[in-house]
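So the sequence lines, in the order shown, correspond to chains A and B.
Residue numbers 1 to 243, in this note's numbering, belong to the letters of the first sequence in order.
Residue numbers 1 to 540, in this note's numbering, belong to the letters of the second sequence in order.
No wet-lab data here; the hints were simulated from the structure.
If you're wondering where the values come from, they're calculated on a predicted model, not measured in any experiment.
Be aware that one or more of the hints could be misleading.
Claimed, not checked - Under the rule of at most 30 Å between Cα atoms (straight-line distance), these lysine-lysine pairs were calculated in the BS3-like manner:
1) B:K241 to B:K127
2) B:K51 to B:K127
3) B:K423 to B:K397
4) B:K51 to B:K288
5) B:K163 to B:K304
6) B:K52 to B:K334
7) B:K262 to B:K245
8) B:K132 to B:K523
9) B:K132 to A:K161
10) A:K217 to B:K127
11) B:K262 to A:K217
12) B:K245 to B:K304
13) B:K262 to B:K288
14) B:K127 to B:K163
15) B:K262 to A:K118
16) B:K163 to A:K161
17) B:K40 to B:K304
18) A:K161 to B:K127
19) B:K303 to B:K334
20) A:K217 to B:K163
21) B:K245 to B:K265
22) B:K533 to B:K503
23) B:K303 to B:K250
24) B:K40 to A:K217
To be verified - Just so you have them, the derived chain A footprint on chain B, three or more residues with Cβ under 8 Å:
25) 25–32
26) 106–116
27) 204–215
Beta carbons: idealized from backbone N, C-alpha and C, even for Gly.
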Amino acid sequence: MKNSLSNHYAAATAQDGMAELDLETLLASSLHDIKNALGLLLGNLEQLQTDGTGATSAGNSNLSRLRLGGEQIRMNLVQLLALYRLKSDDQLIDIQEHNLLDFIEECIAPFEEAFAEKGISLELDCDETAHWYFDADLIGVVIANVLHNLYQQAKTRVCFKIETGANGLVLSISDDGEGFPAGMLERTEIRQGKIQFHSGSTGLGLYFSQMIARAHKNRGTAGWIQLDNQGIEHGARFVLYLP
Amino acid sequence: MNFWTLKNFSILIVDDFAEIRSMLRLMIINFGAADVHAVKTGEEAIALMRKKHFHIVLCDYNLGPAKDGQQVLEEARHKKLLLPTDLFIMITAEKSSYMVMGAIEYYPDDYLSKPFTRATLLHRLRKLIQAKEACREILLAQARNDLELALRLCDQAISEGSKHRQSIRKIKAELLLQSGNYEEARELYQSIVDERELHWAMTGLAQSHFFLGDDDGAEEILCQVIDSNTNYMEAYDWLAKLYIKKETPKKAQEVLLKATEKSPKSLLRQRQLGEISLELNEYETSRKAFQAAVEHGTHSCYKKKGDYAGLSKAQLGCGRDEEAIRTAESISRKFPHDQHSDTYAQALVCNLLHRMNPGDDTRQRLDAVLESLDQQEQALPDELALLLAETCLQNGKTEAAERYIKDLVRNNHNDTQLIRQAKKIYAEAGLAAQGEKLVTTAQTEVIDLNNQGVQLAEAGQFEDSIDLFIKACAAMPGNLTILLNAIQSLLLSAQHCGVDEDKLKMIKDYLQRAREIDGNNPKYLGLLDHYKKLATDDAA
Numbered sequence: 001m002k003n004s005l006s007n008h009y010a011a012a013t014a015q016d017g018m019a020e021l022d023l024e025t026l027l028a029s030s031l032h033d034i035k036n037a038l039g040l041l042l043g044n045l046e047q048l049q050t051d052g053t054g055a056t057s058a059g060n061s062n063l064s065r066l067r068l069g070g071e072q073i074r075m076n077l078v079q080l081l082a083l084y085r086l087k088s089d090d091q092l093i094d095i096q097e098h099n100l101l102d103f104i105e106e107c108i109a110p111f112e113e114a115f116a117e118k119g120i121s122l123e124l125d126c127d128e129t130a131h132w133y134f135d136a137d138l139i140g141v142v143i144a145n146v147l148h149n150l151y152q153q154a155k156t157r158v159c160f161k162i163e164t165g166a167n168g169l170v171l172s173i174s175d176d177g178e179g180f181p182a183g184m185l186e187r188t189e190i191r192q193g194k195i196q197f198h199s200g201s202t203g204l205g206l207y208f209s210q211m212i213a214r215a216h217k218n219r220g221t222a223g224w225i226q227l228d229n230q231g232i233e234h235g236a237r238f239v240l241y242l243p
Numbered sequence: 001m002n003f004w005t006l007k008n009f010s011i012l013i014v015d016d017f018a019e020i021r022s023m024l025r026l027m028i029i030n031f032g033a034a035d036v037h038a039v040k041t042g043e044e045a046i047a048l049m050r051k052k053h054f055h056i057v058l059c060d061y062n063l064g065p066a067k068d069g070q071q072v073l074e075e076a077r078h079k080k081l082l083l084p085t086d087l088f089i090m091i092t093a094e095k096s097s098y099m100v101m102g103a104i105e106y107y108p109d110d111y112l113s114k115p116f117t118r119a120t121l122l123h124r125l126r127k128l129i130q131a132k133e134a135c136r137e138i139l140l141a142q143a144r145n146d147l148e149l150a151l152r153l154c155d156q157a158i159s160e161g162s163k164h165r166q167s168i169r170k171i172k173a174e175l176l177l178q179s180g181n182y183e184e185a186r187e188l189y190q191s192i193v194d195e196r197e198l199h200w201a202m203t204g205l206a207q208s209h210f211f212l213g214d215d216d217g218a219e220e221i222l223c224q225v226i227d228s229n230t231n232y233m234e235a236y237d238w239l240a241k242l243y244i245k246k247e248t249p250k251k252a253q254e255v256l257l258k259a260t261e262k263s264p265k266s267l268l269r270q271r272q273l274g275e276i277s278l279e280l281n282e283y284e285t286s287r288k289a290f291q292a293a294v295e296h297g298t299h300s301c302y303k304k305k306g307d308y309a310g311l312s313k314a315q316l317g318c319g320r321d322e323e324a325i326r327t328a329e330s331i332s333r334k335f336p337h338d339q340h341s342d343t344y345a346q347a348l349v350c351n352l353l354h355r356m357n358p359g360d361d362t363r364q365r366l367d368a369v370l371e372s373l374d375q376q377e378q379a380l381p382d383e384l385a386l387l388l389a390e391t392c393l394q395n396g397k398t399e400a401a402e403r404y405i406k407d408l409v410r411n412n413h414n415d416t417q418l419i420r421q422a423k424k425i426y427a428e429a430g431l432a433a434q435g436e437k438l439v440t441t442a443q444t445e446v447i448d449l450n451n452q453g454v455q456l457a458e459a460g461q462f463e464d465s466i467d468l469f470i471k472a473c474a475a476m477p478g479n480l481t482i483l484l485n486a487i488q489s490l491l492l493s494a495q496h497c498g499v500d501e502d503k504l505k506m507i508k509d510y511l512q513r514a515r516e517i518d519g520n521n522p523k524y525l526g527l528l529d530h531y532k533k534l535a536t537d538d539a540a
């Protein structure tokens with residue numbers, strides 16, 4: 001008797017569990033699966049590159065491009081989740097203090113090989129002990145966005161410059177490419193941060209970056225981003241300010 | 001960068017997907033690691049960690065139906081399967097959820113969101129290992145309870161301009177709280193907050209106010225943290241604690257309700273909510289909380305029989321009598337390795353039956369339970385002693401109740417929560433004054449005895465002090481304070497009058513008993529360290 005009652009009890013609990021599987025849970029678990037699959041894909045690509053000692057350099061650079069492609073999908077996924085989070089819920093932003101050199105090095109790490117193969121050098125101007133306060137995951141995606149663009153645009157150099165002061169952090173990333181097209185910089189909505197959705201990836205990336213920068217607030221001041229052509233020899237320059 | 005290697009680190013990978021395990025393993029091996037293990041479940045991870053020490057654990061949060069990553073972390077840290085200098089890295093699918101996973105006590109050293117590349121993993125590991133290395137001596141001193149040394153090392157590192165200055169300041173502030181230097185802790189937290197209103201520093205500042213007795217100050221700061229970031233769980237925990245201290249249980253319940261809504265899987269928060277709601281006679285809220293505590297507790301090292309008792313009482317309050325009895329009966333099944341679980345379940349059923357029909361005579365049933373108990377004068381587990389006392393009082397067996405409570409208080413004379421529960425049982429039976437007197441007398445008895453022993457030791461009369469403590473330890477075997485002071489006297493005597501084998505053995509036995517009561521107690525850890533030094537000196 002005792003046994004049958006307890007079985008009944010267990011069954012009821014399991015049914016309650018079934019009822020809770022709403023759309024959000026389903027979406028979350030499929031995202032989980034996608035991320036796992038993508039992680040495996042990227043891992044296998046990396047492994048292929050490590051194992052392929054006899055492969056031609058052309059083959060290797062194809063692999064690097066594949067990996068960057070995978071990275072881009074990864075970034076888009078993270079972006080998607082972050083957008084959903086910032087739009088739907090309270091401000092789930094996790095501001096901690098970070099060492100800037102460590103942080104930038106971690107951002108650059110997945111790109112290093114691909115940039116080296118293309119003959120682009122990455123230069124870093126940052127004090128070893130400099131630190132600032134931000135959400136490292138979110139700002140990491142902002143920087144990965146910029147690096148993806150630079151991979152297409154830069155000729156030989158990409159330069160990171162990081163300055164901190166009492167009022168905030170200024171991080172600028174410049175390249176020696178052609179710079180942003182004049183038309184793009186003239187669009188006032190970018191300067192004012194009122195970026196709309198456009199076809200193509202730049203629009204969403206910028207929209208995201210602007211949103212993330214603005215979500216970083218400190219004592220009444222919010223962060224911002226800015227684009228101009230004051231990079232290396234009039235190349236493109238991306239500036240991020242965080243209070 | 002390529003010169004850096006994981007060669008000297010033993011590494012454990014925990015993930016339920018075979019492909020991900022083998023990919024992580026490859027990544028790690030590529031960094032030069034030779035000692036790499038990978039397991040599928042949290043249970044396997046804990047079993048392996050009991051046998052072998054790992055420097056780094058990479059653990060996925062989602063591990064299928066049994067233990068999750070947070071529970072692996074809790075158990076590993078709680079049972080000291082990891083040193084404070086070891087790394088536990090939680091791998092999570094999405095960032096938003098991790099902030100609310102936080103248990104009351106343990107946080108991983110870092111979170112890594114999936115998917116990540118090899119380069120990212122390498123970079124992160126290197127950074128974390130460097131940071132641990134920079135704090136190594138401080139963490140070890142803290143673990144030995146040598147707080148003075150730990151604080152000195154912090155000051156030294158800060159004045160040398162360490163790159164890890166901020167994390168060292170954080171440790172320093174925690175050490176100041178731990179050592180009772182609340183004013184200094186307040187100043188340090190305040191100076192960090194002046195630079196930036198970081199949530200951990202604000203919460204630390206509130207804690208300092210709390211301990212300094214400035215409840216209003218603490219409340220204001222905690223509310224500010226909660227208003228600005230609704231997912232910083234530690235702030236909720238402290239605010240609830242503050243309201244309990246101020247004896248405003250309704251407010252504490254509101255805070256816990258919000259907290260458990262954010263972090264439903266936290267067993268300890270659900271338990272608190274269940275208990276406080278039961279006290280407020282809000283049975284439906286209590287039932288839901290205990291139900292969650294029981295469900296999430298299945299695979300947790302924090303699992304307790306008391307959660308089932310709470311659940312059944314709440315079910316009874318909701319008029320779900322049959323369910324309540326079933327919950328009580330399920331205890332023997334849920335705790336198969338607990339020698340007292342049958343007795344506990346039967347006593348609880350008896351207790352519930354009396355609550356259902358106070359007119360019915362449940363004496364016979366209770367007597368059967370009491371008779372089934374081992375007649376030997378062995379200390380009963382606290383949970384069981386409380387339940388038996390409560391049930392005895394229901395049935396007018398005041399003498400038996402008195403015996404259980406007396407032993408309980410003697411064994412735990414400074415455990416405020418247990419003392420409160422003991423008094424509550426008497427108050428519920430309409431015997432508040434009697435309970436108050438009983439508890440206070442037993443407490444005073446222990447305190448007097450303890451003071452006497454300490455005074456003898458201070459006066460250099462070690463043998464007398466030891467004799468007194470040995471007798472006290474026999475009379476109240478579960479009292480940690482007495483046990484630790486007995487060890488202290490034995491150690492002092494060894495230090496001043498030379499080491500003898502009998503005493504060393506006795507110290508070892510007492511240390512073992514103290515470890516069983518609370519292996520994380522700072523004073524215990526300090527004495528253990530002292531003993532180890534003595535034993536090695538003796539051997540040399």
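Exercise for the section: Of all the hints given earlier, name the ones this structure violates by number, lowest first. Expected result: Checked against the structure, the hints that fail are numbers 1, 4, 5, 15, 24 and 27, while the rest are satisfied.
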